[in-house]
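With the hints as your guide, set chains D and P onto chain E.
Chains as they are written, first to last, in the numbering used here: chain E, 1 to 372; chain D, 1 to 275; chain P, 1 to 191.
Possibly wrong hints are sitting among the right ones.
[To be verified] Here are the simulated DSSO-like pairs of lysine-lysine, each with C-alpha atoms no more than 27 Å apart in a straight line:
#, chain 1, residue 1, chain 2, residue 2
1, E, K325, E, K300
2, E, K240, D, K16
3, E, K353, E, K299
4, E, K353, E, K325
5, P, K158, D, K270
6, D, K46, D, K16
7, D, K215, D, K247
8, P, K158, D, K271
9, D, K17, D, K46
10, E, K253, E, K240
11, E, K240, E, K209
12, D, K271, P, K154
13, E, K353, E, K300
14, D, K244, D, K145
15, D, K145, D, K215
16, E, K240, D, K17
17, D, K275, P, K158
18, E, K209, E, K253
19, D, K145, D, K247
20, D, K215, D, K244
21, E, K209, D, K16
Hints are computed from structural coordinates only; laboratory data are not their basis. A quick note: this is a predicted structure, and the numbers were derived from the prediction, not measured.
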Amino acid sequence: MEPQLLMGNEACVEGAIVAGITFYAGYPITPSNEIGEIMSRRLPRLGRTFIQMEDEIASMAAVIGASIAGAKAMTATSGPGFSLMQENIGFAAMAEVPCVVVNVMRGGPSTGLPTLPSQGDVQQARWGTHGDHPIIVLTPSSVREAFDLTIKAVNFSEQYRTPVIMLMDEVIGHLREKVVLPQPESIDIINRARPTCPPEWYRPFEDNKSGVPLMAAFGDGYRYHITGLTHDEMGFPTTKPCEVDAAINRLFKKIRQGFDEIMLCETFLTDDATCVIVAYGSVARTAKSVVLQLRTAGKKAGLLKLQTLWPFPRRAIEGLPQSVKELYVPEMNMGQIYREVLRVNQGRRTVRKISKVDGELITPQEMVQVVA
Amino acid sequence: MAYRNINVYQYLRHEKKFPLIWCAGCGNGIVLGSIIRALHTLGLPKDQVVMVSGIGCSGRTSTYVDVNTLHTTHGRALAFATGVKLARPELTVLVVMGDGDALAIGGNHFIHAARRNIDMTAFVYNNNIYGMTGGQMSPTTPQGKIATTAPFGNIEQSFDVMRLAEAAGATFAARGTVFDTDRLDELVELAIRKNGFSVLEILSPCPTIYGRHNKLGSAVDMLRHLDEDTVSLDEAENIADAIKSGKIPTGVFVDIDRPEFCESYAALVKKAQGK
Amino acid sequence: MAQQYEIRLAGLGGQGIILAGIILAEAAGIYDGKFVAQTQAYGAAARGGFSRSDVVISDEEIHYPKAQMLDLLLAMSQDAYDDNLKHLKPNGILIVDATYVSQVADTQVYAIPFSRIARERFGRENVANIIALGSLSQLTSHVSEQALEQAVMKRVPKAHREMNRQAFEAGKGAARAALRLSVRPGGDEDI
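So here's chain E without its partners, still in its complex pose (with noise of 0.2 Å):
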């Protein structure tokens, strides 16, 4: 493919189109409209669907109706709005539901910073529906990753018939970059599996190796009952204890069999690092150049990059080097990762957070300040 100039709300949108996304319904938000506004251009022309919803609780309600009707759906927004949302991607958890919800995060809380980054909803983004359950969260750190993530993002939603969330902060939803996309032939793409078997065979929510169940879509002849009450295996309300519990932890079941696939990370020069900075979004690209800066001083820096951050990737910091004596988390937020970091570092490193929530986009000079 010929290099082109997009910016990450762009190369989003393409990555969701390649990755087979059919159906997309948002509801206007800064900084995420590049989003909805180039998915209103480019579905129509082929032949999916675009729907402007009236606020985002109807977005998330559409997206989830549209994926249980057979589509890929996706929706984004930005806080106000993702947290909008988040009753029914509770909902989506729990009747599994794949779908993807882009956040392109601005400062908060409440209307707070419309234009200007921050990575302030890390937490809500894990945490944000009420009750227990697992949920999958990806960031990119530049134009690229946010065309692969959203890929990724698609392809984990029906893998593990679940809402995957992708977090951009506005720095990426908004840089544009020279990129080259890879050919769509070339790319991976993967589909919920669904039932094969007689229709009065078919146990909608039925548990098996993968702890995914087959899912039919409405109208394919499997007539089946979809709630967002704890459900048995035929999908039914239940109250009976031993159900409840089954449903629930095979919610965690199939997220855990996948937990390192699911896992995304990339390390910079750790191999013989003192010091490590463990960084996403934005603030990873400031991270690298502190960590190249540091090398030519003559420290051992390195720099590990969560690209997935739920579930939290502890086997990347657990599994880096002995020499590795220092942690330092720069984060546009008060120490969301930071205190992931803190809980599986278990005390046996120095861990460090560089918290910025100015509405600007932390700088090489205040990382290093801390770091060297």
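Showing chains D and P alone in chain E's frame:
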């Protein structure tokens, strides 16, 4: 009335989900009967029908019907249904909601689904109360009536579902009661048949909660009230006369034609593709 | 560390600052084949609020994507000038729209009345950004003139291509004149 003798059991998940959750005397089962008879009369294959419901007593309707059923979050049934319908426009989509579900928490989706004119049928079971949560006042609780959150009488004006639906752009709006089931069967059929967003409000008694708080008597008494307090538009000269009589008018209030959303979208796709 | 060339375009919402940044990035990245990162910041007001666009150009992969020490600053409004001058490197290139930037400290500056030229030559101020890009093509060697012109032609609407080509030319001419005159602050009368 031959059609009333159909075997409703073939439309029910009778081996899986019965008995019903609803109280004795509740009108919800009567509405369910009407919907099933309409499906049968219209000859709609069960695989091609989707029933989407919200939360509350009415929301449980979907559990019992042997079609594609989706029990959603409170107030959001129409928004979920919009996704289903757009993804597969060939399916017949029925949306079952209560008065609080459709008009309070789901009010925004209600007016926008009507404005969009997407082909689906919105059934609003109106029992004037939040039954499942124990009897709190709803947007259709009449002024002066008692609810657990209006112990001194409701001071708020209630919604007129028909006028709301018409103003928002619904192409079909009708009101029926669970007392006059013959007429209700007809209205359900008309509403499903309509190509566009149709609203069918069904007045239905809640003797256990609403009737008890407001001393309206037994379930049978409440059914009798439904008969006495309503007047058919066919009998009244016009809507204004019906309202002047102090009774609640029933029948078809709106039946107009407007471009349907899925069809408009299909045309937009052709335009975008330069066909 | 890679040698990066950092450009900031700053002005008001409605002046086409962001579009100019995109064109500049496309010229450097796609037509000149370099690494490029373009970012932007803007206020809530679509017209009249602050607007700025950073373009970082490099021969190597760019990590930190924002401009920090500017090699070139184009200021299209007085506020943009006042706010951003402190980020300009000591030997950095300063270009201002003399139509709106009148209070300029006594340093080397190319003061060209982009908006006035746009108004007088084209009857509309909104091509001032393209005129500015034309000038920029003459004042820095880090983006080639051909690349910039190609990028302009690709990004502007078909119906307005000819006008934008002329605007780009007008900008080039104005910059050459400015170079000859080595214009000092406030000296836009000579053009």
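Check each numbered hint from earlier against the structure, then list the numbers of those it violates in ascending order. Going through the list in order, the structure violates no hint and respects every one.
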